[in-house]
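Novice: Here the sequence shown stands for residues 316 to 377, numbered as in this note's numbering.
Fair warning: there could be bad hints in the mix.
Label pairs and their in silico Cβ distance ranges [what the hints assert, rightly or not]:
id: 1; residue 1: L358; residue 2: T324; range: 14 to 24 Å
id: 2; residue 1: T340; residue 2: S366; range: 38 to 48 Å
id: 3; residue 1: S367; residue 2: E345; range: 18 to 28 Å
id: 4; residue 1: S365; residue 2: E345; range: 32 to 42 Å
id: 5; residue 1: A355; residue 2: D326; range: 23 to 33 Å
id: 6; residue 1: T351; residue 2: D322; range: 21 to 31 Å
id: 7; residue 1: W341; residue 2: S366; range: 34 to 44 Å
id: 8; residue 1: Q331; residue 2: E356; range: 42 to 52 Å
id: 9; residue 1: A364; residue 2: Q331; range: 35 to 45 Å
id: 10; residue 1: A323; residue 2: S366; range: 35 to 45 Å
id: 11; residue 1: D322; residue 2: S363; range: 36 to 46 Å
id: 12; residue 1: E345; residue 2: A323; range: 22 to 32 Å
id: 13; residue 1: S367; residue 2: V344; range: 32 to 42 Å
id: 14; residue 1: S367; residue 2: R343; range: 25 to 35 Å
Capping the alpha-carbon separation at 20 Å, the derived lysine to any residue pairs in SDA-like fashion look like this [what the hints assert, rightly or not]:
id: 15; residue 1: K349; residue 2: R334
id: 16; residue 1: K349; residue 2: Q331
id: 17; residue 1: K349; residue 2: S367
The set of hints was computed from the structure by calculation and includes no laboratory data. Don't be surprised by glycine CBs; every beta carbon is placed ideally from N, CA and C.
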Amino acid sequence: RKGGPSDATVDILSRQLQRREAQTTWRRVEADRKLTDITAELLDCLLSASSSSRSVSLKEAS
Numbered sequence: 316r317k318g319g320p321s322d323a324t325v326d327i328l329s330r331q332l333q334r335r336e337a338q339t340t341w342r343r344v345e346a347d348r349k350l351t352d353i354t355a356e357l358l359d360c361l362l363s364a365s366s367s368s369r370s371v372s373l374k375e376a377s
């Protein structure tokens with residue numbers, strides 16, 4: 316942006332806020348914790364997602 320972040324019109328802001336609502340599937344991670352705690356949470360999330368997708372793939376294969 317040439318005029319800085321405050322040069323967005325009300326219409327642009329409204330469209331940006333509408334897009335944010337569509338991102339509700341993103342996992343929210345509180346980052347004000349120890350790095351090891353954050354890492355453990357994310358690894359657990361990834362492993363859970365991985366095992367879920369594997370079970371879906373196995374069901375589709377049979």
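Novice: Hint by hint, note whether the structure agrees.
Specialist: Comparing the hints with the structure gives:
Taking the beta carbon of each, L358 and T324 are about 42 Å apart, not inside 14 to 24 Å as hinted. For the pair T340 and S366, the supplied restraint of 38 to 48 Å is violated, since their beta-carbon distance comes to about 18 Å. Range check, S367 to E345: about 23 Å between beta-carbon atoms, so the 18 to 28 Å window is met. As the Cβ distance of S365 to E345 is approximately 23 Å, the hint placing it in 32 to 42 Å is violated.
At about 43 Å, the beta-carbon gap between A355 and D326 misses the expected band of 23 to 33 Å. At roughly 42 Å, the beta carbons of T351 and D322 sit outside the given window of 21 to 31 Å. In this structure the hint that W341 and S366 lie 34 to 44 Å apart at CB is violated, the actual value being about 20 Å. The hinted window of 42 to 52 Å between Q331 and E356 is violated, with their beta carbons roughly 28 Å apart.
Checked against the hint of 35 to 45 Å, the pair A364 and Q331 fails, with Cβ atoms roughly 28 Å apart. The hint said 35 to 45 Å for the Cβ distance between A323 and S366, and at roughly 42 Å that hint holds. The hint said 36 to 46 Å for the Cβ distance between D322 and S363, and at roughly 42 Å that hint holds. Restraint check, E345 to A323: a C-beta distance of roughly 28 Å satisfies the suggested window 22 to 32 Å.
Separation of S367 from V344 is about 19 Å and departs from the stated range, judged on CB atoms against 32 to 42 Å. In this structure the hint that S367 and R343 lie 25 to 35 Å apart at CB is violated, the actual value being about 19 Å. A C-alpha spacing of about 31 Å is found between K349 and R334, which places the hinted pair above 20 Å, so the restraint is violated. Proposed proximity of K349 and Q331 is contradicted: the alpha carbons are some 32 Å apart, above 20 Å.
In summary, the hint linking K349 to S367 is not supported, as the alpha carbons are separated by about 27 Å, beyond the 20 Å threshold.
Hint compliance for this structure: hints 1, 2, 4, 5, 6, 7, 8, 9, 13, 14, 15, 16, 17 are not met, and every other hint is.
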